[in-house]
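Asks: Chains A and B are the protein sequences, given in the same order.
Mapping to UniProt numbering: the first sequence position 23 is 23, numbers consecutive.
Mapping to UniProt numbering: the second sequence position 97 is 97, numbers consecutive.
Honestly, the hints are just simulated from the structure, not real lab data.
Just so it is clear, CB atoms sit at the ideal spot from N, CA and C, and this is done for glycine as well.
Among these hints, one or two may not hold up.
[To be verified] Dumping the calculated DSS-like pairs for lysine-lysine here, alpha-carbon to alpha-carbon at most 25 Å: (1) B:187 <-> A:21; (2) A:81 <-> B:82; (3) B:81 <-> A:82; (4) A:21 <-> A:5; (5) B:21 <-> A:21; (6) B:81 <-> A:185; (7) A:81 <-> B:187; (8) B:82 <-> A:82; (9) B:134 <-> A:185; (10) B:187 <-> A:82; (11) A:82 <-> B:134; (12) A:134 <-> B:134; (13) A:134 <-> B:21; (14) A:21 <-> B:134; (15) B:187 <-> A:134; (16) B:83 <-> A:134; (17) B:185 <-> B:134; (18) B:83 <-> A:81; (19) A:21 <-> A:187; (20) A:5 <-> A:185; (21) B:21 <-> B:187; (22) A:187 <-> B:21; (23) B:185 <-> A:134; (24) A:134 <-> B:81; (25) B:134 <-> A:83; (26) A:83 <-> B:83.
[As the list claims (entries may be wrong)] From the structure, some residues in chain B lie toward chain A, with a derived Cβ separation under 10 Å: (27) 19; (28) 62; (29) 131.
[Claimed, not checked] To spell it out: a stretch of chain B is covered by chain A in this simulated footprint if at least three of its residues, at any positions, have a beta carbon under 8 Å from a beta carbon of chain A; those stretches are: (30) 23-33; (31) 107-120.
Single-letter residue listing:
Protein chains: 2
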Amino acid sequence: MQSLKDRILSEGQSLGSGILKVDAFINHQLDPQLTREMGEHFAAHFQDYGATRILTAEVSGIAPAYATGLVMNLPVVYARKKKPVTMNGTTYQASAVSRTKGDVVTLSVSSDYIAPEDRVLIIDDFLARGVTIKALVDIVEQAGAQLVGIGTIIEKSFEGGRTLLESLGIEIYSLAIIDSLDDGKIKVR
Amino acid sequence: MQSLKDRILSEGQSLGSGILKVDAFINHQLDPQLTREMGEHFAAHFQDYGATRILTAEVSGIAPAYATGLVMNLPVVYARKKKPVTMNGTTYQASAVSRTKGDVVTLSVSSDYIAPEDRVLIIDDFLARGVTIKALVDIVEQAGAQLVGIGTIIEKSFEGGRTLLESLGIEIYSLAIIDSLDDGKIKVR
Numbered sequence: 001m002q003s004l005k006d007r008i009l010s011e012g013q014s015l016g017s018g019i020l021k022v023d024a025f026i027n028h029q030l031d032p033q034l035t036r037e038m039g040e041h042f043a044a045h046f047q048d049y050g051a052t053r054i055l056t057a058e059v060s061g062i063a064p065a066y067a068t069g070l071v072m073n074l075p076v077v078y079a080r081k082k083k084p085v086t087m088n089g090t091t092y093q094a095s096a097v098s099r100t101k102g103d104v105v106t107l108s109v110s111s112d113y114i115a116p117e118d119r120v121l122i123i124d125d126f127l128a129r130g131v132t133i134k135a136l137v138d139i140v141e142q143a144g145a146q147l148v149g150i151g152t153i154i155e156k157s158f159e160g161g162r163t164l165l166e167s168l169g170i171e172i173y174s175l176a177i178i179d180s181l182d183d184g185k186i187k188v189r
Numbered sequence: 001m002q003s004l005k006d007r008i009l010s011e012g013q014s015l016g017s018g019i020l021k022v023d024a025f026i027n028h029q030l031d032p033q034l035t036r037e038m039g040e041h042f043a044a045h046f047q048d049y050g051a052t053r054i055l056t057a058e059v060s061g062i063a064p065a066y067a068t069g070l071v072m073n074l075p076v077v078y079a080r081k082k083k084p085v086t087m088n089g090t091t092y093q094a095s096a097v098s099r100t101k102g103d104v105v106t107l108s109v110s111s112d113y114i115a116p117e118d119r120v121l122i123i124d125d126f127l128a129r130g131v132t133i134k135a136l137v138d139i140v141e142q143a144g145a146q147l148v149g150i151g152t153i154i155e156k157s158f159e160g161g162r163t164l165l166e167s168l169g170i171e172i173y174s175l176a177i178i179d180s181l182d183d184g185k186i187k188v189r
């Protein structure tokens with residue numbers, strides 16, 4: 001997605017330790033048209049995968065997942081990082097260690113919003129080490145649903161997430177791939 | 001917004017202690033068309049207020065704020081509840097006590113994404129006691145920006161949020177108003 005790559009190069013910042021700051025258009029502020037375009041790209045790529053539901057993780061996955069759900073006309077479920085009091089009943093849970101925040105995050109999804117007959121498309125903001133997406137995959141498996149694809153806005157190829165997820169045999173589609181953040185320089189594939 | 005009121009009555013649940021569960025279409029799962037419609041209603045209501053930016057709070061404010069930003073073609077900023085490592089530089093902060101989660105939440109917004117010349121429209125999921133929205137208002141004031149309106153999906157009129165915010169002299173628009181959750185019954189105005 002060229003407009004995204006341009007934006008990463010013009011407004012992204014490499015903060016060191018492999019951290020890419022894209023707060024200007026993904027993680028803190030959203031550009032409505034860029035986000036819409038992300039949704040259109042995900043929807044076009046996965047249109048023939050028979051998805052019945054989109055799953056993402058709060059916080060930064062919500063906007064691109066919703067933008068995709070809007071085009072595909074699919075419900076979007078966002079896994080909660082802190083189980084709210086409204087989440088009663090059976091809950092699927094899986095944990096991941098967040099590097100940008102440094103703590104263990106347990107994702108929770110109510111069994112009310114993911115069914116065994118669902119075909120689930122996972123959408124998230126980053127594919128880095130793949131641990132958050134792996135937790136979402138675990139939740140899909142706990143629900144007995146079928147995972148049909150994984151879409152991420154930005155993949156950091158040097159952090160191994162694709163390798164972690166490859167054994168699933170599932171299509172992984174990233175809108176932009178970053179091959180290096182060394183020396184403060186962002187190298188977009 | 002009639003479709004929202006219908007949905008609250010058919011799928012909302014009064015859990016006691018004034019808590020309304022709307023996880024099926026706001027707080028855990030999103031209905032793409034209903035969310036789109038919310039954005040259209042907010043955009044229509046506030047179209048002449050000269051907003052230049054939309055401000056919300058993660059998590060559940062993001063989808064309706066983005067849906068509004070998409071129609072109004074405005075950038076959407078979501079205040080972070082846990083300051084991520086990417087949020088360096090000047091940050092505006094304000095605190096609120098979350099009742100559904102029971103702890104103090106400090107909202108953070110980078111000064112990079114809200115400017116003194118901004119005219120800010122606040123969009124959030126609930127207006128209950130008004131403390132989260134009040135924290136967002138504080139952040140707008142810290143930035144020296146002008147608040148032009150407040151839009152919420154569901155207002156619980158019996159929790160006093162509108163009274164708390166009324167002294168601001170700002171338009172507060174809710175898509176649905178709940179007048180009572182007593183005895184497990186949802187009374188929509």
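Asks: If you test the structure against every hint from before, which numbers come out violated?
Replies: 1, 5, 6, 7, 9, 10, 12, 13, 14, 15, 17, 22, 23, 29
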